[in-house]
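Once you have looked at the hints, place chain F on chain X.
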Amino acid sequence: MMDRAMMDREGTFTGNRGLEKEEPLIFEQGSPGKTAVDLPEPPASKNRLGGLERRAPIGLPGLSEPEVVRHYLRLSQKNYGIDTGFYPLGSCTMKHNPRINEKVARLPGLGDLHPLQPVSTVQGALELIDTCAHWLKVLTGMPAVTMNPAAGAHGELVGLMTIRAALEDRGDARKRVLVPESAHGTNPATAAMCGYAVQSIPADDRGRVDLAILRERLDSDVAAVMVTNPNTCGLFENDVQEIAKATHEAGAFFYCDGANFNALVGRVRPGDLGIDCMHLNLHKTFSTPHGGGGPGSGPVVLSEALAPYAPVPYVVHGPDGATLVEKPDDSDGKPFGRIKGFHGQFGMFVRALSYMMSLGSDGLRDVSGDAVLSANYILARLQDTFRVPFPAPCMHEVLFSDRTLKGTGVTTLDMAKALLDEGFHPMTVYFPLVVNGAMLVEPTETESKESIDSFVDTMKHLAERAAAGDVKFFHDSPYLTPRRRLDETTAARNPILRWHPPSLDHAAE
Amino acid sequence: MAKMHFTNEHEWIRVDGDIGTVGITDYAQEQLGDVVFVELPEVGAQLEQGGEAGVVESVKAASEVYAPVTGEVVEVNEDLADAPDKVNGAAQTDGWFFKIKLSDPTQLDPMMDAAAYAKYVESLQ
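So the sequences go chain by chain: X and F. So in our numbering, spot 210 of the first sequence is number 210, and the numbers just go up one at a time. So the number in our numbering is just where the residue sits in the second sequence, counting from 1, plus 1000.
Chain X extracted, bound-state conformation:
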């Protein structure tokens, strides 16, 4: 009789692990000619391609319907998501997507709309966009918002394009954008994309923007300062009002990366802090799906000074109900153009509004309170096990360094791999760069104390095992995942980006 150890050693005849299938690529399955649907041969027609018609088969796989269904279901079973378990990926806010949002989004009057329907038939949808926009303005204390951007980084781009338009309109095109080290990595990328030179501002020993150096570098050539608050060390930028003041005195605009607004919602209004422009990630703070589950959505709130330059389209109210301003020429302001097809991620507005209205203002206040509480609970329980580089408390995410692993031969990456075997998606590792071997943990407000405790206990157990010198165990982990430790270096140096079908290789010879 085979025991478990023998099974692990010898594997199975098929390569499957019990009912977990080893799934080949869809192109490696099926046979040519097999199909899930029978369509009649197209009628004969005159060839008008002038000799440009395809001569070889295009290599589509032939599968029956049950084979296709099984293939994609098996792939989906390899997926790990927030619906599967704890997912403390710092700076990504993997929190529960309430099912009421999904129910509302599937109402036929919202789910079955087409963006090209006559405006008179989609009054409810326009009202919904406008109501969602209204609450985003209320929660941020800002006078205007553009709902168009497709996701957070797109929101940043739209924000900086708005700033650039405002500066150019006053005949004051500037050349530089200041970005602190404690900002999200997309911020400098956005500034560069907009044609600005990026100048970095170091963090001080509290993990926050070094205000003295920021002041030193602010001059009449700086278009904007981009600050992430709470920053990417999970810390509130206490000097945010001084940063705003200094920025405005230099004639620049203050951009805030609002990806971490889930730590502030219902408690802090960015408009009160002197912020000119901030994107909101509906797929983070407002619980819409992301990470493969759905598109992001990144509305940008704007100050009075920037509002006229926001892109089209936007909803306005007239004598015949709601309508859309679709062209810059039809606008009262000076829109810099259009940045997204149709009206933004409408399905996400539905879910975000459902979230806001089901929680109410008191519920949203609890969201930020509980998110911060969860992170500080982890900080309190793990601060004797891992080094906390900046003084507590933290905001919605907690940062540890690898200091206590030094000398054990076990790295941050090894910890992450060992967590996989224990059934946890690892935290964010090696980011932010301001500390060595960073481990950034974001538990979110929707995780129970039991699951957080289980994670903390596992981290303590692994730290003890590392301290005890069990290096081989760590270096060989993970043991139980569909694939073991991957060779990331070779994958990055010599990536194979395309699968080549053997039949076509043969045909080309």
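Check each hint, because a few of them may be wrong.
Claimed, not checked - Just the calculated beta-carbon pair ranges, DEER-fashion:
(1) F:1018 with X:59: 56 to 66 Å
(2) F:1018 with X:80: 55 to 65 Å
(3) X:79 with F:1017: 39 to 49 Å
(4) F:1064 with X:476: 26 to 36 Å
(5) X:249 with F:1008: 48 to 58 Å
(6) X:8 with F:1122: 38 to 48 Å
(7) X:248 with F:1094: 41 to 51 Å
(8) X:39 with F:1089: 50 to 60 Å
(9) F:1075 with X:475: 35 to 45 Å
Just so you know, the hints here were simulated from the structure itself, not pulled from any lab data. Idealized CB from N, CA, C, for every residue including glycine.
Just chain F now, kept in the frame of chain X:
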């Protein structure tokens, strides 16, 4: 062998006449892990001290490389395009990034020597 100077940002520069050879330190490559890509400045580019000179990307992170001194880039290490692992294997010799013609040699004066840099690295642990 000419003396090496080190920066807080973990670059080294070795000067021979008015040409300085620049790379990242052994400590920096160790922190980065396996280097997979290096972006170098163009020959002829004018660099400012402390300004961005290139990017080094590893399996863990992408980091900027800063110019330790002001000057003009006169040569870059073409080998790194195909063999970025040279940065791991020989950070302070064959894994050099670029050569720069110094505009102002006095910029070297406040930089750390090998002993001072070793102490600095120790303070970061």
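Consistency of the hints with the structure:
1. In this structure, residue 1018 of chain F and residue 59 of chain X meet the distance hint of 56 to 66 Å, their C-beta atoms being roughly 59 Å apart.
2. Checked against the hint of 55 to 65 Å, the C-beta distance between residue 1018 of chain F and residue 80 of chain X comes to roughly 57 Å, which is consistent with it.
3. The supplied range of 39 to 49 Å is broken by residue 79 of chain X and residue 1017 of chain F, whose beta-carbon atoms lie about 59 Å from each other.
4. Roughly 35 Å separates the CB atoms of residue 1064 of chain F and residue 476 of chain X, a value that falls within the hinted 26 to 36 Å.
5. Take residue 249 of chain X and residue 1008 of chain F: their Cβ atoms lie about 29 Å apart, and the range 48 to 58 Å is violated.
6. Judged by the Cβ atoms, the range 38 to 48 Å given for residue 8 of chain X and residue 1122 of chain F holds: they are separated by roughly 44 Å.
7. As the Cβ distance of residue 248 of chain X to residue 1094 of chain F is approximately 50 Å, the hint placing it in 41 to 51 Å holds.
8. Distance hint for residue 39 of chain X and residue 1089 of chain F: a CB-CB separation of about 59 Å, consistent with the stated range 50 to 60 Å.
9. For the hinted restraint 35 to 45 Å between residue 1075 of chain F and residue 475 of chain X, the CB-CB distance of approximately 40 Å keeps it satisfied.
Of the numbered hints given earlier, the model fails hints 3, 5; all others are met.
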